[in-house]
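Going down the list, the protein sequences come from chains A and B. Using the working numbering, you'd call the opening residue of the first sequence number 45 and step up by one each time. Using the working numbering, you'd call the opening residue of the second sequence number 1071 and step up by one each time.
Treat the hints with care, as some may be off.
Stated by the list, open to error - If you anchor each label on the Cβ, the simulated ranges turn out as follows:
| # | chain 1 | residue 1 | chain 2 | residue 2 | range |
| --- | --- | --- | --- | --- | --- |
| 1 | B | 1100 | A | 339 | 48 to 54 Å |
| 2 | A | 234 | B | 1111 | 35 to 41 Å |
| 3 | A | 76 | B | 1239 | 39 to 45 Å |
| 4 | B | 1158 | A | 319 | 52 to 58 Å |
| 5 | A | 339 | B | 1148 | 47 to 53 Å |
| 6 | A | 204 | B | 1158 | 43 to 49 Å |
To be verified - Which bits of chain B does chain A cover? Going by a derived footprint, with three or more residues having C-beta under 8 Å, they are:
| # | region |
| --- | --- |
| 7 | 1083 to 1091 |
| 8 | 1153 to 1160 |
Said to hold, decoys possible - In silico DSS-like pairs for lysine-lysine, Cα to Cα no more than 27 Å straight-line:
| # | chain 1 | residue 1 | chain 2 | residue 2 |
| --- | --- | --- | --- | --- |
| 9 | A | 232 | A | 280 |
| 10 | A | 292 | A | 151 |
| 11 | B | 1221 | B | 1180 |
| 12 | A | 151 | B | 1094 |
| 13 | B | 1094 | A | 74 |
| 14 | A | 292 | A | 356 |
Simulated from the structure, these hints should not be mistaken for laboratory data. We treat Cβ as the ideally placed atom computed from N, Cα and C, and that holds for glycine.
Here is what each chain is made of, one letter per residue.
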Amino acid sequence: MTILLAKNNVKEDIEMRNVYCQALMELARKNDQIVVLDADLMSSMGMIPFLEAFPERTFNCGIQEANMIGVAAGLSTTGKIPYAHTFGPFATRRCYDQIFLSGAYTKSNIRIIGSDPGITAAYNGGTHMPLEDMGIMRNIPEMTVLEITDSVMLRDIIIQMAELYGMFYVRLLRKNAVKVYEEGSTFKIGKAVKLKDGKDVTIIANGIMVSEALKAAYILEEKRISTRILDMFTLKPIDKEAIIVSAKETGAIVTVENHNIINGLGSAIAEVLVENIPIPMERIGVKDMFGEVGSVDYLKERFELTANDIVKKVEKVLKRKQDMALFLQGA
Amino acid sequence: MTTGSLGQGMSTAIGIALGNRLDKRENYVYLILGDGECDEGQIWEGALFAHHHKLDNLIAFVDANKKQLDGYTKDINDLGNIDEKFSYFGWHAQDVNGADIAKIYEAIQKAKEVKGQPSVIILDTIKGQGLKFVEDTMANHHMRFSAADHKAAEKCIIELENKLKEYQV
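Working from the sequences, and respecting the hints, build out all of it.
Take a look at the structure:
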């Protein structure tokens, strides 16, 4: 794993969907087993160039996600390597049983790509906002669950996955991410990335919340709070070791996700802490609510997912850490 | 490939047929469906897709025994003419007596000659066909033999063993 961190927290010029398409075309040129499926969202995902270059290996199923997953499973039994995309809710909730049985239970080999994570569905509103997708995918045995941070990670992961066998759910943005990693960075599935070291508290984030966590860290530095930041891009299998080490070394954790606080990143980390080192932890996420129509910036405020919200939670968890220390001293 | 959750076998069979075609293999994919199973929307998703992709290497059978777990299919969700429904979805459809192996074989051979369309063979069957005791039991989707049915169960086993002898080469 090689990590080169970008500076400045600015948006990338390239859209994630273009990187997705380019990476798949590169793979398809070298490996004729790569096949692509979609459920009538190829244009939305920038995949028309792939369709034009490899028409015999592109299966646009139309608006039928259940069938799409089963077809991907069938294709995988003949040795094909399917990448199946649609928007997050339709890639998970809508065809859950198909992913579970035709996919995981049967030990198929499918990469399921769910786009427009959480609030980034923006003006498509609550019907198109996957706020539980990571959680429900995590509940399927033998499923690898990932949330991509930026285009550098996306390219690396899409290419890596072609050589792996199993069931994968990958959540990703379609448009421009904030740049976190420089070109040349490579990632290990299942290993968190430490973006910043610190000793007072650890913020563990994924996806679009990583850049928000970085913003919060700058604010906290001014308040003399030394913050460690981890990018936990693999939700399952979770990097238990990284969580335990950070818990030991910083004593307080705040988790940040563009997802329901139930069953996502926060829950997964809490599971590790409770069984190993139950330090104070706070969760930032959508508080078990439905999505709404709005710009991403508006929705970040609406659902309390901003850097300022993270800072407040850090202050809360530090107070709890202090209280616990006093309590233990008195014991 | 598990088809335990009904309707899903249609899609996976289609995927296998597509993969075979990409690899230029000449074999057929045979898919067995229940008539009650045709209640599931996924069957019709697959039916649309298979026709659109001209999957003539896919041959499906529908075990049309006119019953599902809770009773007759016509009382739960009337399927009407299953062959017509598949025809309207662009499939080549045939009806055969599900107890006549020669007729089934003939239908398969005919299906193999069909180009540019997937095929379905609707098998007209009776649930529990061949064992009078089972045929006459209304709720015979899933049967348990209790101690009281001991004699009936023994009779069934003897009948089945005799039938097996008929098929021995």
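Going back to the hint list, which numbers does this structure go against?
8, 10, 11
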